[in-house]
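As a plain string of letters, each chain reads:
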Amino acid sequence: MDLSINFEKVDYIYQPNTPFAHQALNQVSFSLPDESYTAIIGHTGSGKSTLVQHLNGLLKPTHGRLMVQEQMITPQTTNKELSDLRRQVGVVFQFPEAQLFEETVLRDIAFAPKNFGIDEEKAAQLAKEAAEAVRLPDSVLDKSPFELSGGQMRRVAIAGILVMKPKVLVLDEPTAGLDPKGHQEIMELFARLKSQQHLTVILVSHQMDDVAEYADQVLVMEQGKLLTQQTPQQLFSQVEWLNKHHLGLPHATKFAFEIEKKSTFKFSPLPLTVSQLANQLANFLPKGVSQDE
Amino acid sequence: MEKIAEIKNLNFKYSQQDSWLFHDFNLAINRYEWLAIIGHNGSGKSTLARLIDGLLVPQAGEIWIDQQKMSSENVWQLRKKIGMVFQNPENQFVGANVADDVAFGLENQAVPYEKMHQRVAAALKRVNMWEFSEQEPANLSGGQKQRVAIAGVIALKPKIVILDEATSMLDPAGRYDVISLIKELKEQEGLTVISITHDIDEASLADRVVVLDDGKILDAASPANVFSQGQTLTNLGLDVPFSEKVKLALKQQDVLTPSEYYTEQRMVDWICQSILKK
Chain A
1 MDLSINFEKV DYIYQPNTPF AHQALNQVSF SLPDESYTAI IGHTGSGKST
51 LVQHLNGLLK PTHGRLMVQE QMITPQTTNK ELSDLRRQVG VVFQFPEAQL
101 FEETVLRDIA FAPKNFGIDE EKAAQLAKEA AEAVRLPDSV LDKSPFELSG
151 GQMRRVAIAG ILVMKPKVLV LDEPTAGLDP KGHQEIMELF ARLKSQQHLT
201 VILVSHQMDD VAEYADQVLV MEQGKLLTQQ TPQQLFSQVE WLNKHHLGLP
251 HATKFAFEIE KKSTFKFSPL PLTVSQLANQ LANFLPKGVS QDE
Chain B
1001 MEKIAEIKNL NFKYSQQDSW LFHDFNLAIN RYEWLAIIGH NGSGKSTLAR
1051 LIDGLLVPQA GEIWIDQQKM SSENVWQLRK KIGMVFQNPE NQFVGANVAD
1101 DVAFGLENQA VPYEKMHQRV AAALKRVNMW EFSEQEPANL SGGQKQRVAI
1151 AGVIALKPKI VILDEATSML DPAGRYDVIS LIKELKEQEG LTVISITHDI
1201 DEASLADRVV VLDDGKILDA ASPANVFSQG QTLTNLGLDV PFSEKVKLAL
1251 KQQDVLTPSE YYTEQRMVDW ICQSILKK
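Chains as they are written, first to last, in this note's numbering: chain A, 1 to 293; chain B, 1001 to 1278.
One or more hints might be untrue.
What the hints assert, rightly or not - Okay, derived cross-link-like pairs now, DMTMM-like style, lysine to aspartate or glutamate, Cα gap no bigger than 25 Å in a straight line:
1) A:K181 / B:E1264
2) A:K254 / B:D1254
3) A:K262 / B:D1254
4) A:K181 / B:D1164
5) B:K1251 / A:E188
6) A:K181 / B:D1214
7) A:K244 / B:D1177
8) A:K261 / B:D1269
9) A:K254 / B:D1199
10) A:K261 / B:E1264
11) A:K254 / B:D1171
12) A:K287 / B:E1260
13) A:K261 / B:D1201
14) A:K266 / B:E1264
15) A:K262 / B:D1201
16) A:K254 / B:D1201
17) A:K181 / B:D1199
18) A:K254 / B:D1177
19) A:K225 / B:D1171
20) A:K181 / B:D1171
21) A:K287 / B:D1269
22) A:K262 / B:E1260
23) B:K1013 / A:E147
24) B:K1251 / A:D209
25) A:K244 / B:D1171
26) B:K1216 / A:E147
27) A:K143 / B:D1214
28) A:K254 / B:E1264
Keep in mind that the hints were calculated from the coordinates and are not lab data.
Isolated chain A, as found in the complex:
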């Protein structure tokens, strides 16, 4: 499989050679294949955000190097060399709707292609396609983005990133502040886009249920170091290791451990989601239609 992203001994030091020097990344090495879905977990200050800011060249390593979509980034790389990369890597930060500014939804989505020199008509066409991809109804395209609900504003902001047809999508807690339904819709939107547009997705999240549901691999960061790279199934089986690093479990996994503690039932493999949990339990529980319906 082709590699989308490859880090080689990346260090990042904020304010180097000053008394305030702070090493945010320490010898970080890993690689991610094309079309993978990777979750990055770790506590506040563990280096997650610093790491993802390297992916589109917002930050460049202090030492070491990385490759993203065949673009090499070293401490010497100039910003000019990175302009092509910035089209290929779309980043959805927390509260992306704070960056909306245009008069209409369509103009806001079309801003980036116009900025990259694409003519008005073509930009509007691309914007319509992106709006459709995030399932924004046509009726909102001529409205002000500020009249929309929080969930819809977030869709507009995401469409404004997808419009550049990135190959890599970086999501930094993309559902913060949304209600549970909005959360689920946006997470499913990313999963669908990933398979339809063959994206490589990187998700920074505190929510282990999302990590379990969507990611195929997990990077665990602690104090600027990459502790481990594993599948969710491997990672969430190591309860003691997770406890030691103050990391949580998916809710379904926690629930499964409680059942194992109090009965002779053994799960195999350990369930990470509610449906996996129910699938394994259902055949051992009494069936029938409850009387209350």
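Following the hints, put chain B in place on chain A, whose structure we already have.
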């Protein structure tokens, strides 16, 4: 039971709206109650909180706080009885350091200097942030910033504390931290807590849960009662307790599940016993 806040026949809409967000809306909140208000984005939760705090003025109806009817003359007085903690810890830190931030509200109320010092120190000690009093906000985690915001609120000695999604931007540890603090303060300071939340674990701590949908109260009952309506909550775009999610998933596989609401612990016990019976 004595009411600390009462909303009577309230009508409210924002100026650009055609129809009422709240139409003949009524809600009474008991003194020392912990009331959770749940509802999807746009259901009117935050608007309701701002109406109670007098930040928005209704077109018609009455709002009573601590036995007084709110009017343009007494709104400043009544607002002192209410403390609000908002969602984003970044947006409510106004001081250059932790102690200044807590002092801000007291300064606004012209509390004398000596007394202000005492109350800042006492409030910071109450939230376990005293050792951080000289720190800048940049050095604090989200949970710590919210604790400072809570110290700023309790320094003003309010009767009602409104949490407007105050934990939604925190990581699980920060969330737990803030909620256990509020729980403790509620008991010790005799507060009434109104918590607007999407977090079902936070709502389950309440004495009463109000389900709001487009400005209407769909349900107002104990957490156990409200949470037993799993499918209804899901249809409204709301979360349900994990035990209810398990129950729904099992039901879909034709498992005969208990009809009443079970806490997570009880659900584990039920599953273990049912497996054994087979």
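Verification of the hints:
1. A:K181 / B:E1264: Given that 25 Å is the threshold and the Cα spacing comes to 22 Å, the pair holds.
2. A:K254 / B:D1254: Answer holds: K254 of chain A to D1254 of chain B is near 24 Å, not above 25 Å.
3. A:K262 / B:D1254: Roughly 24 Å separates the two Cα atoms, so the pair holds.
4. A:K181 / B:D1164: Satisfied, since the Cα-Cα distance of roughly 18 Å is no more than 25 Å.
5. B:K1251 / A:E188: holds (24 Å)
6. A:K181 / B:D1214: holds (15 Å)
7. A:K244 / B:D1177: holds (19 Å)
8. A:K261 / B:D1269: holds (11 Å)
9. A:K254 / B:D1199: Status holds; Cα separation ~18 Å.
10. A:K261 / B:E1264: holds (14 Å)
11. A:K254 / B:D1171: holds (18 Å)
12. A:K287 / B:E1260: holds (17 Å)
13. A:K261 / B:D1201: holds (23 Å)
14. A:K266 / B:E1264: Between K266 of chain A and E1264 of chain B the Cα gap is close to 19 Å, so the pair holds against 25 Å.
15. A:K262 / B:D1201: With a Cα-Cα distance of about 23 Å, the restraint between K262 of chain A and D1201 of chain B holds, given a limit of 25 Å.
16. A:K254 / B:D1201: holds (15 Å)
17. A:K181 / B:D1199: Between K181 of chain A and D1199 of chain B the Cα gap is close to 12 Å, so the pair holds against 25 Å.
18. A:K254 / B:D1177: holds (20 Å)
19. A:K225 / B:D1171: Holds, at roughly 20 Å.
20. A:K181 / B:D1171: holds (19 Å)
21. A:K287 / B:D1269: With Cα atoms ~18 Å apart, K287 of chain A and D1269 of chain B stay inside 25 Å; holds.
22. A:K262 / B:E1260: With a Cα-Cα distance of about 22 Å, the restraint between K262 of chain A and E1260 of chain B holds, given a limit of 25 Å.
23. B:K1013 / A:E147: Holds, at about 15 Å.
24. B:K1251 / A:D209: holds (21 Å)
25. A:K244 / B:D1171: holds (17 Å)
26. B:K1216 / A:E147: holds (22 Å)
27. A:K143 / B:D1214: holds (22 Å)
28. A:K254 / B:E1264: Distance of about 11 Å is within 25 Å: holds.
Hint check: no violations occur; every hint is consistent with the structure.
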